[in-house]
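Taking UniProt numbering, I'd label the letters of the sequence shown as residues 1 to 192.
If you're looking for bench data, these hints aren't it; they were derived computationally from the structure.
Do not take every clue at face value.
[Stated by the list, open to error] Think about it this way: if two alpha-carbon atoms lie no more than 30 angstroms apart in a straight line, the pair counts; the simulated BS3-like pairs of lysine-lysine are:
hint: 1; residue 1: Lys48; residue 2: Lys108
hint: 2; residue 1: Lys48; residue 2: Lys104
hint: 3; residue 1: Lys85; residue 2: Lys21
[Claimed, not checked] Using C-beta positions, here's what the derived DEER-type ranges look like:
hint: 4; residue 1: Arg178; residue 2: Glu91; range: 22 to 28 angstroms
hint: 5; residue 1: Arg30; residue 2: Ala80; range: 34 to 40 angstroms
hint: 6; residue 1: Ala3; residue 2: Glu75; range: 54 to 60 angstroms
hint: 7; residue 1: Leu54; residue 2: Thr22; range: 19 to 25 angstroms
Please read these numbers as outputs of a predicted model, since none were measured by experiment.
In this text, a Cβ means the ideal position worked out from N, Cα and C, and glycines have one as well.
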Amino acid sequence: MPAPRPEVMDFLLTRRSRPAKTLCAPAPDRGQLGPILTAALRSPDHGKLEPWRLIVLEAPALRRLAGLVRARGTELGHAAEAIDKAAAAYETSPLAVAVISSPKPSDKIPEIEQVYSAGAVCLALLNAAHASGWGANWLSGWPAHDRGFVEAGLGLAPQERVAGLIHIGTETAAPPDRPRPDLDAITRWVSE
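All chains, please: the whole structure from these sequences, using the hints.
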């Protein structure tokens with residue numbers, strides 16, 4: 001017989017991300033962030049390959065990256081509006097954790113499963129931050145997918161990708177809930 005955890009189920013059924021632009025300092029310090037990161041790394045990892053790594057970006061690093069976003073966006077010919085929007089996430093965030101998908105060579109575990117594992121780390125990190133009382137949001141945006149930015153700004157190797165940037169801070173405004181998917185419309189039950 002299963003042992004229900006209604007408080008956990010209630011958390012999962014009511015959790016919602018907080019817009020990054022509504023997060024401010026203080027952010028968790030190293031001692032507070034440690035358990036959150038530890039919880040995130042308890043994600044599914046077929047083959048125990050640890051096909052991901054974390055980069056904790058504190059405010060000074062985020063401001064440096066905002067400058068790189070602006071320079072790189074100009075170099076790529078992006079519209080000023082797109083550059084400003086992307087840079088703002090780095091300029092205003094008190095803390096972000098970059099979850100890096102770093103697939104490992106394996107004859108048994110396909111690369112796509114390793115990439116999915118990095119995505120699971122993102123969601124677990126987001127949920128652990130919320131469960132710890134912090135506001136958090138999972139973002140990426142064009143800079144996270146630009147090789148010039150991720151190699152120069154984050155030091156990623158050629159096979160690595162940003163799975164997500166989890167912005168964490170103190171919540172200043174709780175937005176209203178958004179419409180959720182219609183379970184019946186997207187679920188197919190197969191019994192035979």
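Structure-based check of all given hints:
1. Lys48 / Lys108: holds, 11 angstroms
2. Lys48 / Lys104: With Cα atoms ~10 angstroms apart, lysine 48 and lysine 104 stay inside 30 angstroms; holds.
3. Lys85 / Lys21: holds, 10 angstroms
4. Arg178 / Glu91: 22 to 28 angstroms: holds, 25 angstroms
5. Arg30 / Ala80: 34 to 40 angstroms: Roughly 36 angstroms apart at Cβ, these two residues keep to the hinted range, so it holds.
6. Ala3 / Glu75: 54 to 60 angstroms: holds, 56 angstroms
7. Leu54 / Thr22: 19 to 25 angstroms: holds, 23 angstroms
Against the hints set out earlier in the document, no violation occurs for any number.
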